[in-house]
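Chemist: What follows is the residue order along each chain.
Number of protein chains: 2
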Amino acid sequence: MKIPGAEFALIDCYFTAQDVRRSDVALGIGDDCALLVPPVGQQLAATVDTLVADVHFFAAADPEGLGHKALAVNLSDLAAMGATPAWATLALTLPKADEKWLGAFCRGLFALANRYDVQLIGGDTTRGPVTVITIQAHGFAPPDRALRRDGARPGDCVYVTGTLGDAGLALAVGFGEATVADKDAEYLRLRLERPEPRIAQGLALRGVANAAIDVSDGLAQDLGHILERSGVGARLDVEQLPLSPVLLASLDRQAAITTALASGDDYELCFTVPSEQVERLERLAVNWDCRCTPIGVITAEPGLRLLQADGSAFRLEQLGYDHFG
Amino acid sequence: MKIPGAEFALIDCYFTAQDVRRSDVALGIGDDCALLVPPVGQQLAATVDTLVADVHFFAAADPEGLGHKALAVNLSDLAAMGATPAWATLALTLPKADEKWLGAFCRGLFALANRYDVQLIGGDTTRGPVTVITIQAHGFAPPDRALRRDGARPGDCVYVTGTLGDAGLALAVGFGEATVADKDAEYLRLRLERPEPRIAQGLALRGVANAAIDVSDGLAQDLGHILERSGVGARLDVEQLPLSPVLLASLDRQAAITTALASGDDYELCFTVPSEQVERLERLAVNWDCRCTPIGVITAEPGLRLLQADGSAFRLEQLGYDHFG
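The listed protein sequences correspond, in order, to chains A and B. In terms of numbering that gives the first Met the number 0, the first sequence has 95 at position 96, counting the first letter as 1, and numbering is strictly consecutive. In terms of numbering that gives the first Met the number 0, the second sequence has 83 at position 84, counting the first letter as 1, and numbering is strictly consecutive.
Next up, chain A with everything else stripped away, as it sits in the complex (with noise of 0.2 Å):
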């Protein structure tokens, strides 16, 4: 029932155009099935995610930049496990085989992948009305020091990297519902088609957090989820929520930290560090290439607590836009 030929054509063009060629892969891309060499005595990290055309991404998206995201958002799950990235499976569903798409979509994902000597390992291309990407990553991380979301607790600093709620401006921007200064839109952009996997910070967060997990969903559904499996809650200063000049300049206070809030797509990470830590992370997040910003604090109370500067609760409403429901 697939396509005679097409679907090995093209991943014989594309894939195996890799330049990585990890030693732990002894058979890659073109049999059954890959065969991997796990390193002893680490645990093995998996994460699945899909990108769905028109629910996901503009259909008409810069393939390059969406073979990039696609990847991304993957290596996020790693970042957040404070895992090593090694391997991924290429899932990839298209209306076409457009080859011009597919050599950009291929240029974002292995440029990306090199970076971080992430070997594509396997794939099935097939077609369909519509553009679906699933990629599973897979990395490594010691026993016992993957940053879990069930580690969190009361007293923890809650700590994001980067800036919140860019992304979610962007695509505001792209419905039409915001506007910005000409200037600005480059920079607005790249933070929503070009999210930058934070896995050096997740590496330098073992043994340091007692929880994480990667902003993709908006940091109060996301920061949630700790507190929901970790079986605590959370107070967070809403001014000390780190905004990027560009967001600050676009919406007013209300909106700018509704979004930081409830927009997703930031891919930053949110994590949770014991007091006797704190000074080791502040130190290590000097040289961080992003921001590093105490947001809060985990409390025993379960719920999350939105304090302005004066004390009073923020009120968090629903974003004014609802995309692609």
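These aren't lab readings, by the way, just hints derived from the structure by calculation. If you're wondering where the values come from, they're calculated on a predicted model, not measured in any experiment. Some hints here could point you the wrong way.
As the list claims (entries may be wrong) - Restraint ranges, calculated between C-beta atoms of paired labels, are given here:
1) B:Val285 to A:Arg144: 49 to 57 Å
2) B:Ala299 to A:Asp97: 36 to 44 Å
3) A:Arg21 to B:Pro153: 27 to 35 Å
4) A:Arg144 to B:Arg20: 42 to 50 Å
5) A:Ala312 to B:Asp116: 49 to 57 Å
6) B:Gly102 to A:Leu306: 40 to 48 Å
7) A:Phe174 to B:Arg20: 41 to 49 Å
8) B:Glu185 to A:Ala59: 45 to 53 Å
9) A:Arg106 to B:Leu189: 23 to 31 Å
10) A:Lys95 to B:Leu315: 23 to 31 Å
Unchecked claim - Derived list of chain B stretches under chain A, where covered just means 3 residues or more per stretch with a C-beta under 8 Å from a C-beta of chain A:
11) 32-44
12) 114-126
By construction, the Cβ of each residue, glycine as well, lies at the ideal position given by its N, Cα and C atoms.
Since the structure of chain A is provided, determine the placement of chain B on it from the hints.
Modeler: This is chain B only, laid out in the frame that chain A set:
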């Protein structure tokens, strides 16, 4: 950009309700990654396959059968590698969150997973205009014992498990291009919708077969991959192809052989056995729950030659029906 909450609600309800709890799964569904403990001294086999509605299956197909088949096609790849199944991930794109559909899909998926002690260790559920099912399966094989496509040698005997062409005929019936007796319809439907991965056979072939592949795109094409990767050819006796009584009763000889050679979705194993292992294979196969049929020989001369009983060439025409193209 995801539908807030919906993804998690779906996963919680259905995909964590599995009986299998493997001791080598340190952390299953519910975190950024699963954490796995691969067995020391084994290679990890990984494969990924996608099924797209109205490309690989009818959108109205029985969801329980679909759950079975989506996993079965991946387990079939593990079987063709001689690997022991262990873990799977599921990336599921659905037009709507249909609880009845999801429940039946999971029943089919987990019934098969439980039989082979496969634990679902991760997933991503997304909304999209069409159902797309991507499963990645992992298994284990001892180093240098896996069944690759590139090991066939001249003089090897070519074998195939089960019978060929039943799924192709079932598909033709589904499209109204062929008819079968009422009493045969159920047999054919099961052959298409409930393929049985030949896991036991794949494991038994370790150290016996030189090369193996699973027949998903038709014997001629899939055996062709072995020939190409091994740098050899093959001569098949088309009269020896294992055909079911239903196929023989429904099609004339020419069409039956053509269907056996060129139609897909059979998920039988095709493998090559050196002459000194043939006796051992024949002893092993006595206990199999499927046929095991010698159909030809590997040759030093490249190419696939199809011979009839009188020594004349069998002309493999394109199948009369070209589905989902």
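Chemist: 40 to 48 Å was suggested as the range; check whether the CB atoms of glycine 102 of chain B and leucine 306 of chain A agree with it.
Modeler: The hinted range 40 to 48 Å holds for glycine 102 of chain B and leucine 306 of chain A, with Cβ atoms some 42 Å apart.
Chemist: If you check the beta carbons of alanine 299 of chain B and aspartate 97 of chain A, does the distance land in 36 to 44 Å?
Modeler: Holds, since alanine 299 of chain B and aspartate 97 of chain A (Cβ atoms, about 40 Å apart) stay within the stated range.
Chemist: Is it true that the C-beta distance of lysine 95 of chain A to leucine 315 of chain B lies inside 23 to 31 Å, as the hint says?
Modeler: holds (28 Å)
Chemist: Three or more residues of the segment 114-126 of chain B near chain A by CB distance under 8 Å?
Modeler: Three-residue rule met by the segment 114-126 of chain B, so holds; n is 6.
Chemist: Is the distance from the Cβ of phenylalanine 174 of chain A to the Cβ of arginine 20 of chain B consistent with 41 to 49 Å?
Modeler: holds (44 Å)
Chemist: For the range 49 to 57 Å, tell me whether the beta carbons of alanine 312 of chain A and aspartate 116 of chain B fit it or not.
Modeler: holds (50 Å)
Chemist: May I ask you to test the hint 42 to 50 Å on the CB atoms belonging to arginine 144 of chain A and arginine 20 of chain B?
Modeler: With a Cβ separation near 23 Å, arginine 144 of chain A and arginine 20 of chain B fall outside 42 to 50 Å, so the hint is violated.
Chemist: Is the coverage entry for the segment 32-44 of chain B by chain A consistent with the three-residue Cβ rule at 8 Å?
Modeler: The restraint on the segment 32-44 of chain B holds, since 10 of its residues have a Cβ under 8 Å from chain A and three suffice.
Chemist: Measuring from beta carbon to beta carbon, are valine 285 of chain B and arginine 144 of chain A in 49 to 57 Å?
Modeler: holds (50 Å)
Chemist: Okay, arginine 106 of chain A versus leucine 189 of chain B on CB: inside 23 to 31 Å?
Modeler: violated (45 Å)
Chemist: Taking the beta carbons of glutamate 185 of chain B and alanine 59 of chain A, is their distance inside 45 to 53 Å?
Modeler: Cβ of glutamate 185 of chain B to Cβ of alanine 59 of chain A: about 46 Å, so the range 45 to 53 Å holds.
Chemist: Starting from the range 27 to 35 Å, see whether the pair arginine 21 of chain A and proline 153 of chain B falls in it by beta-carbon distance.
Modeler: The hinted range 27 to 35 Å holds for arginine 21 of chain A and proline 153 of chain B, with Cβ atoms some 33 Å apart.
Checked against the numbered hints given earlier, this structure breaks hints 4, 9; the rest are met.
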